[in-house]
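A.B. asks: In the order they appear, the protein sequences are chains A and B.
Each residue of the first sequence is one higher than the one before, counting from 0 in numbering that gives the first Met the number 0.
Each residue of the second sequence is one higher than the one before, counting from 0 in numbering that gives the first Met the number 0.
Simulated from the structure, these hints should not be mistaken for lab results.
Mixed in with the good hints, there may be bad ones.
Subject to a maximum C-alpha distance of 25 Å in a straight line, what follows is the list of computed BS3-like cross-link-like pairs (lysine-lysine) [to be verified]:
id, chain 1, residue 1, chain 2, residue 2
1, B, K349, A, K303
2, B, K190, B, K219
3, B, K349, A, K349
4, B, K358, A, K303
All of these numbers come straight from a predicted model, not from anything done at the bench.
Here is what each chain is made of, one letter per residue.
Number of protein chains: 2
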Amino acid sequence: MLRHLLIAWVFASSLPLRAQRPEPADLVITRAHVVTMNAAKDVIEDGAVVIRGERIVAVGPAAVAARYTARKTIDARGALVLPGMINTHTHAPMTVFRGLGDDVPDRLRRFIFPLEKNLMNREFVHWGGLHGVVEMIEGGVTTFVNSYYFEEEFAAVVKQAGMRAVLGQTVINFPAPDAAEPYGGLALAEKFARAWRGDPLITPAISPHAPYTVDVAHLKKIAALSAELDVPVLMHLAEMTEEMTLLRKDHNMTPVEFLDSVGLLNRRLVAAHCIFVTDSDIALLKARDAGVAHNMVANIKSAKGVAPALRMFDDGLRVGLGTDGPMSGNTLDLIGQLGYVAKVHKLDRKDRNVMPAIKVVEMATLGGARAIHREADLGSLEPGKLADVIIVDHESTAMVPLFDVYSALVYAASPRDVRTTIIHGRVVMEDRKLLTLDTAAVRARMRDITRRINAALAAGLK
Amino acid sequence: MLRHLLIAWVFASSLPLRAQRPEPADLVITRAHVVTMNAAKDVIEDGAVVIRGERIVAVGPAAVAARYTARKTIDARGALVLPGMINTHTHAPMTVFRGLGDDVPDRLRRFIFPLEKNLMNREFVHWGGLHGVVEMIEGGVTTFVNSYYFEEEFAAVVKQAGMRAVLGQTVINFPAPDAAEPYGGLALAEKFARAWRGDPLITPAISPHAPYTVDVAHLKKIAALSAELDVPVLMHLAEMTEEMTLLRKDHNMTPVEFLDSVGLLNRRLVAAHCIFVTDSDIALLKARDAGVAHNMVANIKSAKGVAPALRMFDDGLRVGLGTDGPMSGNTLDLIGQLGYVAKVHKLDRKDRNVMPAIKVVEMATLGGARAIHREADLGSLEPGKLADVIIVDHESTAMVPLFDVYSALVYAASPRDVRTTIIHGRVVMEDRKLLTLDTAAVRARMRDITRRINAALAAGLK
Numbered sequence: 000m001l002r003h004l005l006i007a008w009v010f011a012s013s014l015p016l017r018a019q020r021p022e023p024a025d026l027v028i029t030r031a032h033v034v035t036m037n038a039a040k041d042v043i044e045d046g047a048v049v050i051r052g053e054r055i056v057a058v059g060p061a062a063v064a065a066r067y068t069a070r071k072t073i074d075a076r077g078a079l080v081l082p083g084m085i086n087t088h089t090h091a092p093m094t095v096f097r098g099l100g101d102d103v104p105d106r107l108r109r110f111i112f113p114l115e116k117n118l119m120n121r122e123f124v125h126w127g128g129l130h131g132v133v134e135m136i137e138g139g140v141t142t143f144v145n146s147y148y149f150e151e152e153f154a155a156v157v158k159q160a161g162m163r164a165v166l167g168q169t170v171i172n173f174p175a176p177d178a179a180e181p182y183g184g185l186a187l188a189e190k191f192a193r194a195w196r197g198d199p200l201i202t203p204a205i206s207p208h209a210p211y212t213v214d215v216a217h218l219k220k221i222a223a224l225s226a227e228l229d230v231p232v233l234m235h236l237a238e239m240t241e242e243m244t245l246l247r248k249d250h251n252m253t254p255v256e257f258l259d260s261v262g263l264l265n266r267r268l269v270a271a272h273c274i275f276v277t278d279s280d281i282a283l284l285k286a287r288d289a290g291v292a293h294n295m296v297a298n299i300k301s302a303k304g305v306a307p308a309l310r311m312f313d314d315g316l317r318v319g320l321g322t323d324g325p326m327s328g329n330t331l332d333l334i335g336q337l338g339y340v341a342k343v344h345k346l347d348r349k350d351r352n353v354m355p356a357i358k359v360v361e362m363a364t365l366g367g368a369r370a371i372h373r374e375a376d377l378g379s380l381e382p383g384k385l386a387d388v389i390i391v392d393h394e395s396t397a398m399v400p401l402f403d404v405y406s407a408l409v410y411a412a413s414p415r416d417v418r419t420t421i422i423h424g425r426v427v428m429e430d431r432k433l434l435t436l437d438t439a440a441v442r443a444r445m446r447d448i449t450r451r452i453n454a455a456l457a458a459g460l461k
Numbered sequence: 000m001l002r003h004l005l006i007a008w009v010f011a012s013s014l015p016l017r018a019q020r021p022e023p024a025d026l027v028i029t030r031a032h033v034v035t036m037n038a039a040k041d042v043i044e045d046g047a048v049v050i051r052g053e054r055i056v057a058v059g060p061a062a063v064a065a066r067y068t069a070r071k072t073i074d075a076r077g078a079l080v081l082p083g084m085i086n087t088h089t090h091a092p093m094t095v096f097r098g099l100g101d102d103v104p105d106r107l108r109r110f111i112f113p114l115e116k117n118l119m120n121r122e123f124v125h126w127g128g129l130h131g132v133v134e135m136i137e138g139g140v141t142t143f144v145n146s147y148y149f150e151e152e153f154a155a156v157v158k159q160a161g162m163r164a165v166l167g168q169t170v171i172n173f174p175a176p177d178a179a180e181p182y183g184g185l186a187l188a189e190k191f192a193r194a195w196r197g198d199p200l201i202t203p204a205i206s207p208h209a210p211y212t213v214d215v216a217h218l219k220k221i222a223a224l225s226a227e228l229d230v231p232v233l234m235h236l237a238e239m240t241e242e243m244t245l246l247r248k249d250h251n252m253t254p255v256e257f258l259d260s261v262g263l264l265n266r267r268l269v270a271a272h273c274i275f276v277t278d279s280d281i282a283l284l285k286a287r288d289a290g291v292a293h294n295m296v297a298n299i300k301s302a303k304g305v306a307p308a309l310r311m312f313d314d315g316l317r318v319g320l321g322t323d324g325p326m327s328g329n330t331l332d333l334i335g336q337l338g339y340v341a342k343v344h345k346l347d348r349k350d351r352n353v354m355p356a357i358k359v360v361e362m363a364t365l366g367g368a369r370a371i372h373r374e375a376d377l378g379s380l381e382p383g384k385l386a387d388v389i390i391v392d393h394e395s396t397a398m399v400p401l402f403d404v405y406s407a408l409v410y411a412a413s414p415r416d417v418r419t420t421i422i423h424g425r426v427v428m429e430d431r432k433l434l435t436l437d438t439a440a441v442r443a444r445m446r447d448i449t450r451r452i453n454a455a456l457a458a459g460l461k
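Isolated chain A, as found in the complex (with noise of 0.2 Å):
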């Protein structure tokens, strides 16, 4: 059946049938085209929503928001309002140098490595990380899981715009930009963690590069820091061939075998990529709780492959979608990956029917919050969760006409599309008007930064 004709409502739980005088608000969505993302897919089309604090306090039909007074009102006719969506995936950070390396062989060890030993530091970290944060807030992004270098660094910046994020400090085999010696990422993570820890905007977490960029003790001495903290692990996982050749010949292991033996197979883990897991890895992910970041635009344009993601989404394993780094995917939203989703495992299968808009909208929402075990409080639109709202416009001409909202996000949609960014109750972008950083700022110090990365390109990398 057509979807457009099962429209549905619901009526907040939470809300009192008896009230009578107004109970207070701080913010109230009205005139929404409100798709919910709810255990029942409910969609609302002359809908409201309803924030107090950092929570939604309601969700319903247009009547719902007369029972609040509320300090602020955004009109959202012509827009859908949508839970925001998460980012599982990202090196933000590296807005720096995107466009460089692109269409070229060995891009990992030829461009990455060697930008990033020249020239990436702490000013790169701060100015490029706001520029990535910038990018995902006008794109509708809420939260995004990031591995990087100085991540003390970008979690002040990140809080200070708003931004809700799962950070995770580097650690690598080789002298980092923000640690001379390998390694040198464990200690400063362990202390960024202890630092962070319990913030409601940013959870600190521990990003070992790969299982083939860090040996066997340091990912058991991660294993029990993360453990003992309670943080996430974030790490590439089965994402390359010569990692798949190099565990086998030394550990006689897949990837996901291999993180299992050194403890680190569990609920705290965000697995980046899964591309080349086979069915025994899919169902030992699942008994471990862990998390998987999809990175499909990533994946495809480094001809990598792809991730049986659908099959481990319909297998119950906690899947959300990342865009990966911008010098792998080039953009940090999420609207620009669900189209690819859709048809790429319609091509991979070759199936037209499998991977409905519907189940890729619910990839980049509730399945982001699965991914980091945040359902309890994320992805969806629902009383009592905490208010990460996008308001995205469905007026432009390719989203007209508008018969099915799963189909006109996923097909249609662009990024430029949304027109306001509400994270933790806080409106951070209005109209496309950025509330909480000053852009123009971040503009300028991405100008000049470029400007000094093509004087060191025509200089000559090391």
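Dock chain B against chain A, hints included.
C.D. replies: Leaving out everything else, chain B in the frame of chain A:
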């Protein structure tokens, strides 16, 4: 090497170096980051494009502008200036059905044909077609190739919008929205072709639907008519597995061989899709000098497969990009196709180095011009060519930094970044405002049509 270090510039060959008095011009675009797509692939960082009447008279560095006195100047600071993109295959009036029948099996016979039979009419073609024209102009398409019904109605509105198009009247073996009898479209096509031949913007064409929906006798008639009137033939080819099976069974030929046997495989043909072509089919398409429309997004959304467009392009065939209709690919701009073309061919070939961004931009511009045998007039910014020019903002967050213009266009741009569109020397959109169309009126009619389609769907299709 990094392409951005290889900035080149050209003086327009037509510029008289000893000119003292400024020459008259109609439009000068200044402070342009010009992506010429000429044979040398010159990119001019601070350049100018000069237009007189419907033609480009000069392309060069900023100083070129001073040699002309123009009636109008457009400051293109912060933007790329490119040849307009050419959409080599679509069914634009089907915007009225966009988003219906996504992700379902047997869409052609369960949705498309019944919707058309029950609902499609002259009015829907007029307004749905105009809505598609708006989307294309907004998305930087300056020429499109269309196959549908009521093409003489559509021709009038396309011309009024100032857009360039090859419009093919559909011929099919069953009663159609514009013809009560099977093959009734053939008489309409002849009348349409005779009426519109020689128009500067509209090229009339005949569009036999596909080898499996038009019989041999009619295909031969169409071949003769196309030759007599010298008008293009637009046709779906080697797109469906059932098509392959049927032609093998009935004629023991591939679809390409079959078209050759009925006299249609020649320089007037624009063949859409060509997914299932053999090596000898490719050689035959090349020998006959036919054009090919590669529709990546539609082809993978329908899980049909990846056409060997890279192979065909590298073999010197005339390959352009197309969106297919909005029930197939959903959107009608080419910017939304670019990333798919680059990335899915890399995946298909298991090689990240193939189909680099520069080649994809060439397919969208000069490749499209070659597919319709118009490369003498269209597809690049060069003196003497027709002035089909687009101005694309490169200041949106995802396009910063701009190390490589082709990477930025293919991997980061959105159709919403197109700022200004010029067709045949006429500014049809400036700063996102359409100048040749009343977009509010088009939108109001689309709303009304959508309401009526919803009512018809609720009542049930025959």
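A.B. asks: Does each hint hold? Answer for all of them.
C.D. replies: Evaluation of the provided hints:
no.: 1; hint: K349/B <-> K303/A; in the structure: 7 Å, holds
no.: 2; hint: K190/B <-> K219/B; in the structure: 18 Å, holds
no.: 3; hint: K349/B <-> K349/A; in the structure: 18 Å, holds
no.: 4; hint: K358/B <-> K303/A; in the structure: 21 Å, holds
Consistency with the previously given hints is maintained throughout, with no hint failing.
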